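> Residue strings, one per chain:
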Amino acid sequence: MEIEKYLIRKSSLEKLFIKLIGKGKTIYAPKLKGEMALFENVTAFTEIIEEYIVTTNSAKSVVFPKVEKVFSYKKSKEDTEITDASTNPYPEVVLWGSRPCDAAAFIPLTDTFNRDYTDVIYNKRLNNLIILSFSCSQCDEYCFCTSVNGGPGNTAGSDILFTKLSTGDYLAEVITEKGKLLATENSDLFEAKPEEDKEQNLAKVTAYFNQDEIQAKLQNLFENPIWDEKSRACLGCGTCVFVCPVCSCFDIQDEAHGGKGTRLRCWDSCGFGLFTLHTSGHNPRETQGARWRQRMMHKFLYMPDKTRVAGCVGCGRCSRACPADINILDTVCSI
Amino acid sequence: MIMNEFEPKIVAFVCNWCTYAGADLTGTSRIKYAQNVKIIRFPCTGRIDFMLLLKAFGEGADGIIVSGCHPNDCHYTSGNFHARRRWIMFRGLLDLLGIDVRRIQYSWVSAAEGAKWADIVNTTVTAIRELGPYTDYAKVAGYLEKEAKV
Amino acid sequence: MSKIGVFICHCGENISATVDVVKVAEEAGKLEGVAFSTDYKYMCSDPGQTIIKQMIKEKGLTGVVVAACSPRMHEPTFRKACSEAGLNPYMCEMSNLREHCSWVHDKSDATTQKAIDLVRTLVEKVKYNKPLHNIKVPVTKTALVIGGGIAGIQASLDIANAGHQVVLIEKDPSIGGHMSQLSETFPTLDCSQCILTPRMVEVAQHPNITLLTYAELEKLEGFIGNFKATIRKKAKSIDEKLCTGCGLCTTKCPTKKIPSEFNTGLGFRPAIYVPFPQAVPNKPVIDKLNCQYYLKGKCKVCEKVCPTGAIRFDQEDELVEMEVGAVVAATGFNVMEPSGFPEYGYGKYKDVITGLQFERLASASGPTLGEIRRPSDGAIPKKIVFIACAGSRDPAKGIPYCSKICCMYTAKHAMLYQHKVHGGESYIFYMDIRAGGKNYEEFTRRAIVDDEVNYIRGRVSKVYEENGKLIVKGVDTLLNAKPVEIEADMVVLASAAVANPGSEELAQRMHISYDAYNFFSEAHPKLKPVETNTAGIFLAGACQAPKDIPETVSQASGAAAKVAILFSQNELSREPVVAVVNRSPAPLYSTCVGCFMCATACPYQAIGEELITDRKGNVIKRVAKVNPGLCQGCGTCVAFCRSKSIDIDGYSNEQMYSEVMALLNAE
Amino acid sequence: MNELIKKATTLLESSAVQVVIGYGKGSASRTRAIFVTQPADCDKLIFDSRCVQNLAVYLTKAEIKKLGKPAIVAPIPVLRSILQLAAENQLKEDGLIVLGISPESELVEFESFAAIETFLASNKIEIEDKYKKKIEQIKAMPVSERFDFWVKELELCFKCYACRAACPLCYCTRCTVENNQPQWIPAASHTLGNLEWHVMRAMHLAGRCTDCEACYNACPMGIPIHLLTKSMLQDVEENFGTYGPSLNKQNTLSSFNPDDKESFIR
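Chains as they are written, first to last, in the numbering used here: chain A, 4 to 338; chain B, 617 to 766; chain C, 4 to 670; chain D, 708 to 973.
In case anyone wonders, no lab produced these hints; they're calculated from the structure. A few of these clues could be false.
As the list claims (entries may be wrong) - Straight-line C-alpha distance at most 25 Å; calculated SDA-like pairs for lysine to any residue:
no., chain 1, residue 1, chain 2, residue 2
1, D, LYS840, D, ASP918
2, C, LYS624, D, LYS799
3, D, LYS776, C, ASP617
4, C, LYS423, C, SER379
5, A, LYS263, B, GLU623
6, D, LYS768, C, THR616
7, D, LYS846, D, HIS933
8, C, LYS255, C, GLU243
9, C, LYS476, C, ASP435
10, D, LYS799, C, VAL584
11, B, LYS648, C, SER111
Please read all numbers here as calculations on a predicted model, not as lab measurements.
Starting from the given sequences, assemble the full structure and let the hints guide the process.
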């Protein structure tokens, strides 16, 4: 649909928030924990922070939680009775205050969960989700959204994108039907579109590389010393993957308690040695180098091949969070 | 037993040589105690893995008894000494984490102390009854029973 | 998929009276992996075992759970039954429904539910049992006998005569123990030393017996068939090879007034001494605590007079290590110091003595050469009172048990007195006369009828002195409980028999259990009276509980027989409950990372190292390795291993884990 | 740090070592572990207050072992880890060269592991008061409140195992959380799984932890797991006196004293 633009007064934001709470929505928004910003369940508008670059954890868990119950079972000597979890009512969630990169990440994520198989639970959660993003007025040396076809004011993935204007009020871009519905339901808060142009209020994010060029180069870079060099300090933890808004690998686990139990879908990471370990003891990706290569290849080569977009939105979370300071931008740029 | 009074689930981790034998003596002496406590037999307290205690809470135990040979009486000479050190560290850690150490009763019960075993069981059952069901832990253990969460 | 058979025992009514065994069997039948489940009156009986064997064959059972009494009772029985039916014995587990359930609870649904839970727990364990095979260990055919009393002597002689080596250690300078102190023995009144001393000599001369007197057990390591004993040979300060036992030193020693232990303080001995004339070995030792030289640094008279120059003042305690295959504990008993009885005035009045002291007075080799003379003035007592149960059967004094021998020796004492002191009057205050035993009742009758000993059924409240007489105030409960008062010249207390001082420490050194009174515990009160809970260590005599001589001797022979049975095998097969370090596929080979903290924790030094090498012999990895011969299966290493790389057969991680899960997750 | 650079260069030139594990410039204002194999690159080595990552963790990593004999830049926390690793038979004395950095940022060289122990004797582990206070505060809470405090923290854990990966003493080739026979710890990062993981982690460090805080620094969610190990360090000191790594002192849990406290045992 055609993007519709409105003005939202500074004071109206809280009103909107309260209305949403009133409608029984669960709201996830950036919140402070010590010095770090985290997406967490918020119940009071004042908990929400606006002046931050990106949160430490990504927003993916609103559709792809770290632990997702798939079904529960009860075994008896005769048979096994199964209760499908996807018949559960999933919470109506509003993701509030996400960045354009966060919102953009839902595109590759959704592609992954619908490519060859339509994941019921994921899509149910997605349908219950409204994404209200806020443009970036600041960035840091880890940000590179502009290198992966994104930007500080990118509307892709959001239902409504708010951009703070010099007046302190906001430009609201209503992008999707979901957004439109929300706008009409709260038409009293959505006023005629402002004059002020959005661009001047956005952060300037350097473009370090071109996604398409990288994709091309990676075609024949499988055997290359760069992977070992760049990952030498890698400790083999799963941080980069778990904070990544796009990484979607999971592991299926059954938790048994006597004859009863649950099957779970749990986040997994290609950074773990165990990820590809065979029962035989053989490991096709034996070194961190091989694992780091897989991650890069997956994001910048395989995914753009198989889905609409690259597997990286340039939020820079992985680099910020890495305990060994392995920097994705650094790796990509040295390709 | 009074109906629908809270009946604590208590697991006893005991060594084969002293406390298990002691509990046998309680039986041969026909000393009565509460049904709430069920014994798991280990070769030695040295064998008792702290993870198993944790698992017991995870699976819904309201209380735990860990018991073996008195110091210097260990059938394997020093298993109980090693166990005691492990318990000291484990106890401190659980306490810091707010896992209620009052719910774990450590004791020495020799093969000759049938009466002491009965007493340990009964006093522990009473103590756990007073503490009530371990809802704090159940809350965490029951994570998946809760409505699908992010 | 496991096929487990569950067999619920009624144990007559021991279990079925309180547990609904039928329901338990029914519930067990519903468990996943259970192929057969039933209940039966006596599982341990022949027909009971037959059911198990049949079902193993018929249903092709892969595991068996017998829910009956304590596994400590019948585990071997049922494991044997299983192996006879072709199932590996270690695929059989027992659920303890008797000692841990039916005997400790009243009949109720909760009791039955507990039984069901216990059975389910073992069913889940058995699913993770794996076939195990006994471990063979060699047997060192030398026995260590601790204590040179009649028990130790008898045991040593029997084992030695069976053709095996024996090391007999005695803490005192001579063997003989309490029996050598006795005068005559009941019920035959034959002289104690006359029957004992030949045995003592036999021990000294027996080619298969190594006798170490003045020696104590310092340390005992190892396990059945393979113990390592460390013995402390206390310095005797003489060279035994040179000493001829002429005794010159003992007569010349200036320090003569040391109360003689052998004569229970009624006589004296010098600082260099032989405890008694018939001592074996008949060679003196120097009592360092009383010797002038050791105390003041001068004297050395003995050295001067010794014709062979055998005195060695510089001699020091010596620690000797020896390999032994079995141990017999025969450390005997002691008599309670009746100073705990102010009411009887022991310690206050010279003429109030213990039974053992009376033995010395009555003994021909004693301080009075067998004449009954009172310690105070050596006068012959005209009236004598014996007080039975001085301490025994008296919970208030901490001794609820019966000392067993007092009734008989008190009767004996009274008879000896009547025989030796004509016209003398003897009285015995008693609670009951316990004269169970061959010719015992007849013996006490003779005391009462032939020797006119006055038996008064009642207790003594007070003994006090009044113009040279000991006034004994008591009560006669038979003649409508009238108080009695006797003016006695002497009072003899049948003080309780108690465990030897230090027996607690000794038990700990041997790793055997002991009871609340520090008597050593037998493995089973009825069926294993000479065994201890520690395989390879046996009990003989009063170290287990008060006993008279015939009982002691028979138990000693029993222990000797057990040792002989053990030594009849060249190899022992041991329960394969041992730790194992895991193996995993290359490139890991084992998850053990070789931190070797298990090795530092192991009480048996059973964990060494193993180098995993490739075909060319290059070392790939250094990991821990368990020596199954040394490992005793305590599992301390298992709980200690961070990477769970070491596990123990029979109590494996999966077994214990599944037990916890099953116990807390009722279906 | 010219001394350090000089020393590193000579070591590489003389091929006394094949790699120098040290600190170099990282992203933004951070420093990162670098692995210098060419003498010419030694000038990339830096050392300042930002260099907090515990480099000892790399000594047991397969990828790094492949590079050959290492020299390692070792400020106090790294030295402690090296000593503990040595005590646990994970390092060979002739297998590495230790370039110690004193609290005064002076280069210190060591003949042997024993020398490191002597050096550390005058640099004992000291738990900072702010942590002691924090631990006291937590212990002062009512037991349920204390539990809730931790549950709230542990709900954030997503089991990236950065705490494990960053800890020099977590060198097991197969961690028990990866063992599913039995499944000791749920693989899922729900609160129970997280709680059990962190209890196990702390217990496995009992008497071994050298208080380098690598676990906490690595945790992306800022969960104060270092308080667990710090509090256990206090417990070790309080109960057993022994404290800090040592070559000859036996490990706290693999040794015992017959008179250990047992006031809590009936």
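> Evaluate each hint against the coordinates.
Status of each hint after checking the structure:
1. D:LYS840 - D:ASP918: Roughly 16 Å separates the two Cα atoms, so the pair holds.
2. C:LYS624 - D:LYS799: holds (13 Å)
3. D:LYS776 - C:ASP617: holds (22 Å)
4. C:LYS423 - C:SER379: holds (19 Å)
5. A:LYS263 - B:GLU623: Distance ~22 Å between A:LYS263 and B:GLU623 Cα, so the pair holds.
6. D:LYS768 - C:THR616: holds (20 Å)
7. D:LYS846 - D:HIS933: holds (15 Å)
8. C:LYS255 - C:GLU243: holds (19 Å)
9. C:LYS476 - C:ASP435: holds (19 Å)
10. D:LYS799 - C:VAL584: holds (23 Å)
11. B:LYS648 - C:SER111: holds (13 Å)
The structure shown violates none of the earlier numbered hints.
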